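A.B. asks: Chain by chain, the residues:
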Amino acid sequence: MGRPQRPAKDALGTLDLLILSRLAQGAMHGFGIADYLHQVSDVLHVEEGSLYPALHRLESHGFVDSEWRTSENNRRARFYKLTPRGRKQVAVEISNWRRLVEAVNRVIDPVTP
Amino acid sequence: MVQQWWIDIRVRLAALFGRQKLHARTDEELQFHLMSLQQRLIDSGVPPAEARMQARRQFGNVALVRERTLDSWRYAFMETFVQDFRYSLRALRKRPGFAATAILTLAIAIGASTAIFSVFDALVLRPLPYRDPEQLVRITESYKQFDITGMQLAALELDDVRALARSFSHIAGIRRGDFALTARGAAEAVPGLRVSASIFPMLDVKPILGSPFRTEDEEYGKHRVVVISEGLWRRRFGADPNIVGTSIDINRESYRIAAVSRQFLDHIPTAWDLWVPLSFQPAEKAPTTRGNKGVDVVGRLKPGVTLAAATQDLAAVTSRLSALYPEAYSARVGFSLDAAALASMVTGNLRQALLFLLAAVGVLMLIACANVSNLLIARASARRKEMSIRAALGAARGRVVGQLMTESLVIAGIAGVLGVALASVFVKLFELHGPSGLVPVAGVGINAWVVAFAIGVSFVASIVFGLIPALTTTAGLNDVLRESARGATGGRRRFRQSMVALQVAASLVLLICAGLLTRSFLRVQQADPGFDASNVLTFELLLPVAHYGEPERRIAFYEAFQARLQAIPGVVSAAASDRIPFGPQGGQGLRVVGRPVDPDAPQPQVRPARILPGYFESLGMPLRRGRAFTSGDTVGTTPVAIIDEAAARRFFPDGEDPIGSQITGGEPGVTATIVGVVGAVKRRDPSTAPEMSVYHAATQRAGNAMTFTVKTATDPLATIPAIRHELAQLDPFLPLTRPVTMEQRVSDSLARQRLSMQLMVFFGLAALLLAATGLYGVLSYVVNQRRREVAIRVAVGAQPRQVIELVVAKQGLLPVALGIAAGLAAAMAAARLLAARLYEVSPIDPVVYASVTGLMVLTAITATVVLARRAATVSPVIALREE
Chain A
1 MGRPQRPAKD ALGTLDLLIL SRLAQGAMHG FGIADYLHQV SDVLHVEEGS
51 LYPALHRLES HGFVDSEWRT SENNRRARFY KLTPRGRKQV AVEISNWRRL
101 VEAVNRVIDP VTP
Chain B
1 MVQQWWIDIR VRLAALFGRQ KLHARTDEEL QFHLMSLQQR LIDSGVPPAE
51 ARMQARRQFG NVALVRERTL DSWRYAFMET FVQDFRYSLR ALRKRPGFAA
101 TAILTLAIAI GASTAIFSVF DALVLRPLPY RDPEQLVRIT ESYKQFDITG
151 MQLAALELDD VRALARSFSH IAGIRRGDFA LTARGAAEAV PGLRVSASIF
201 PMLDVKPILG SPFRTEDEEY GKHRVVVISE GLWRRRFGAD PNIVGTSIDI
251 NRESYRIAAV SRQFLDHIPT AWDLWVPLSF QPAEKAPTTR GNKGVDVVGR
301 LKPGVTLAAA TQDLAAVTSR LSALYPEAYS ARVGFSLDAA ALASMVTGNL
351 RQALLFLLAA VGVLMLIACA NVSNLLIARA SARRKEMSIR AALGAARGRV
401 VGQLMTESLV IAGIAGVLGV ALASVFVKLF ELHGPSGLVP VAGVGINAWV
451 VAFAIGVSFV ASIVFGLIPA LTTTAGLNDV LRESARGATG GRRRFRQSMV
501 ALQVAASLVL LICAGLLTRS FLRVQQADPG FDASNVLTFE LLLPVAHYGE
551 PERRIAFYEA FQARLQAIPG VVSAAASDRI PFGPQGGQGL RVVGRPVDPD
601 APQPQVRPAR ILPGYFESLG MPLRRGRAFT SGDTVGTTPV AIIDEAAARR
651 FFPDGEDPIG SQITGGEPGV TATIVGVVGA VKRRDPSTAP EMSVYHAATQ
701 RAGNAMTFTV KTATDPLATI PAIRHELAQL DPFLPLTRPV TMEQRVSDSL
751 ARQRLSMQLM VFFGLAALLL AATGLYGVLS YVVNQRRREV AIRVAVGAQP
801 RQVIELVVAK QGLLPVALGI AAGLAAAMAA ARLLAARLYE VSPIDPVVYA
851 SVTGLMVLTA ITATVVLARR AATVSPVIAL REE
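From first to last, the protein sequence lines are chains A and B. Residue numbers for the first sequence follow my numbering, so the first one is 1 and each next one is one higher. Residue numbers for the second sequence follow my numbering, so the first one is 1 and each next one is one higher.
Hints listed in this document are in silico derivations from the structure and should not be mistaken for laboratory results. Errors might be hidden in some of the hints.
[Claimed, not checked] Listed next, the in silico DSS-like pairs over lysine-lysine satisfying Cα-Cα at most 25 Å (straight line): (1) Lys21(B) / Lys293(B); (2) Lys88(A) / Lys385(B); (3) Lys81(A) / Lys21(B); (4) Lys144(B) / Lys293(B); (5) Lys144(B) / Lys222(B).
Keep in mind it's a predicted model, so treat the numbers as computed, not measured.
Let's have the full structure, built from the sequences with the hints guiding it.
C.D. replies: This is the structure we're talking about:
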């Protein structure tokens with residue numbers, strides 16, 4: 001576990017995609033992103049702590065940028081937002097994801113009852 | 001995109017240097033998350049203690065999360081860098097020819113710059129190897145009326161300054177002395193200094209054995225103690241550990257060895273073999289001796305005292321002295337004491353010369369960078385398809401640029417390591433084979449500063465040569481696949497051409513400077529010094545005061561030795577002077593008796609010399625009027641003098657006959673009658689006009705040191721054994737000092753000029769070679785690009801040669817023409833800086849400009865022709881099929 005997962009060169013993980021999608025709607029801090037992930041889906045179970053390695057990894061690759069701001073309850077919080085590269089990547093990732101879903105659908109369609 | 005680029009840099013800097021901040025930030029973020037979770041649970045009614053536990057459970061292992069979060073930074077940074085680095089090495093290995101050319105080109109330039117910088121570092125940046133060197137100053141005096149500055153002090157003045165000046169913690173006098181280790185049959189002249197005892201604490205000199213002499217030892221009579229150098233100790237005394245306290249004979253007097261010491265004061269720039277106390281006989285400190293200068297004075301400023309404050313302090317001493325001794329320092333001579341940093345004395349005029357050489361290697365560096373830039377562009381063009389595929393697969397442009405820059409950094413890094421190795425070889429070679437005594441090479445070497453310089457140069461170079469190729473080759477990558485990959489974009493072609501123009505211009509500047517220096521040097525070498533240096537052997541003799549105290553004894557010795565020399569077979573004539581050309585010189589004022597002197601006008605200095613009869617003959621100096629000295633001029637007859645033409649013109653401007661006039665000043669305290677006029681000679685620098693000289697008869701007054709001039713029929717060095725034999729017959733305790741030909745002396749005086757000329761020629765030729773390589777590269781690139789067009793033209797009947805020459809002339813020779821035009825303009829500007837160092841050569845000397853331009857054109861044409869031949873032999877069919 002000491003060694004972090006290596007992000008794929010051209011395709012990000014699912015968690016990354018979800019984070020980027022949330023940030024496409026505007027800047028948010030880590031707690032808010034976790035909250036959002038819980039709200040939109042119960043299926044995608046995310047251990048909240050694992051959010052931070054992902055966020056920092058995205059930042060170190062220049063997909064997101066971060067800064068201190070004041071949160072809604074007046075505390076200092078680190079807010080994340082997309083960089084130009086991140087914005088592009090969201091679009092690419094989403095279309096990749098759609099293609100994947102479509103492809104998988106086509107494969108499993110014949111077997112659906 | 002600029003924003004993204006900035007973000008990438010920030011991220012890397014944070015990952016590299018901001019570890020502390022990153023830790024704090026992560027902790028705060030995780031804390032915020034936990035607190036927010038907890039708060040929400042409390043808000044929903046969970047008891048606080050329970051909420052805390054639950055929040056932790058939901059969050060996961062905090063320590064582990066923290067570690068993994070921090071890890072993602074290090075990994076991200078290392079990953080791209082290590083990946084780029086590995087990829088670069090692989091890419092370079094795949095094209096060994098390219099890699100070798102680029103690396104060698106850069107290594108030579110980096111090596112040359114580093115070598116020059118190491119000299120610059122030692123001589124200009126850290127010239128004095130002592131504690132707090134900025135506190136060390138040299139105290140000199142000036143006489144405005146005579147236009148004299150930087151003069152040494154008299155013995156009494158040293159005492160005065162020591163007593164009156166308040167700014168110094170130590171003040172020491174230094175005087176060069178003539179020393180001979182006088183052992184029967186094994187006499188040896190050694191370089192030594194007479195120094196005040198305070199020099200040891202001033203410079204923090206700690207002897208290897210024993211302890212240095214003390215101030216009490218400066219008293220005349222107690223002064224026979226000596227500190228010997230480590231070198232002499234090993235060479236002459238077999239590193240005897242019990243040497244301290246024993247005695248050696250110096251100038252036939254017995255000295256007690258007080259200590260063995262490492263070198264110091266060797267910046268002058270000689271290594272010394274011994275140091276004895278600076279002591280003066282009572283007569284040397286008589287009230288009338290304030291005009292007898294000759295003591296170098298150095299001082300160490302008290303902590304916190306500035307040079308300006310010391311100058312003021314010395315001004316106060318000056319007015320005190322003027323008040324105390326009005327006859328010695330009358331107001332009109334404009335006497336003053338000055339202080340200057342001791343470092344400037346070491347650096348002197350070297351600073352200028354070294355800065356010029358540094359500029360030259362800078363230009364060489366620029367050419368090398370332009371060359372590698374061009375190589376990179378040519379290679380990148382070939383790899384453009386590969387890169388565009390990577391871009392299409394999603395690699396960001398910044399990533400590709402980063403990759404290319406890493407490659408540049410790897411090239412520069414390897415070249416830097418090689419360059420430092422080359423530099424140390426250059427420095428070593430210079431130490432072994434370079435002119436000795438030219439610069440104090442002791443401190444020159446590869447130290448941490450020099451390595452830092454090399455690293456800096458390599459790093460900057462990698463950006464200079466790497467950035468533009470990286471940016472231009474990655475511009476519009478996405479369009480590459482669409483266009484046929486054939487034609488390079490106009491931008492890149494223009495860049496390559498301007499690189500060629502730059503190289504041509506820069507190497508033209510270097511070559512023209514080299515050409516001007518060479519031509520000037522040849523002129524200097526051919527310059528007539530006013531005497532005939534061929535087949536003349538010179539050597540020095542020092543008669544120890546202990547045995548030759550009376551003038552008559554000295555004169556008798558010189559005459560007897562001269563007679564023996566003249567009897568040696570092969571000797572045409574032999575004589576001696578205490579001041580020969582291209583040896584140490586003195587200076588005196590001169591007055592014609594009975595002529596009013598304007599007390600306010602600056603008084604000219606003449607170079608005095610005492611000579612034996614036959615001296616003019618031995619050096620082939622023409623007697624213009626009157627007679628030369630003869631053996632009939634003795635102690636008992638009227639004092640006689642001979643002036644040279646330069647002095648005759650100055651003191652007898654209206655064509656009066658100087659013969660019979662009486663002069664004073666040339667020989668202190670003596671009024672002499674002029675009996676002859678001789679041709680003027682250059683005494684120090686062949687590239688300046690002769691200075692005025694006045695000669696006195698050594699048979700009337702003679703000092704303890706003489707330099708003999710022996711004109712021979714054949715090789716003058718071959719007579720040395722015979723001369724040694726004759727000397728031993730006369731006095732077995734006398735060493736023959738510095739036997740060297742007159743030609744060698746003249747040539748040595750040019751050593752510095754010769755070296756800087758040779759270095760410039762080397763840099764110029766290296767630049768030409770690099771520029772030629774660059775031109776060839778561009779031309780072959782152009783030809784390759786046009787291969788298909790050429791093939792088609794050839795296929796429809798054009799002569800291959802014609803076609804290619806057309807293409808080459810248009811594409812390749814245009815930048816050469818532009819480069820030559822720009823280079824000529826730049827050279828004229830650069831040569832103006834050089835003007836002061838040119839002798840009888842104009843900075844816009846047409847011969848140099850024309851021949852260098854011709855050389856450049858010839859080089860360009862050769863590159864073109866070679867290439868055209870090669871390209872024209874390619875069959876059109878093959879060329880067409882390639883696409």
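A.B. asks: Could you work out which of the previously given hints the structure breaks and list their numbers from low to high?
C.D. replies: Those not satisfied are hints 1 and 5.
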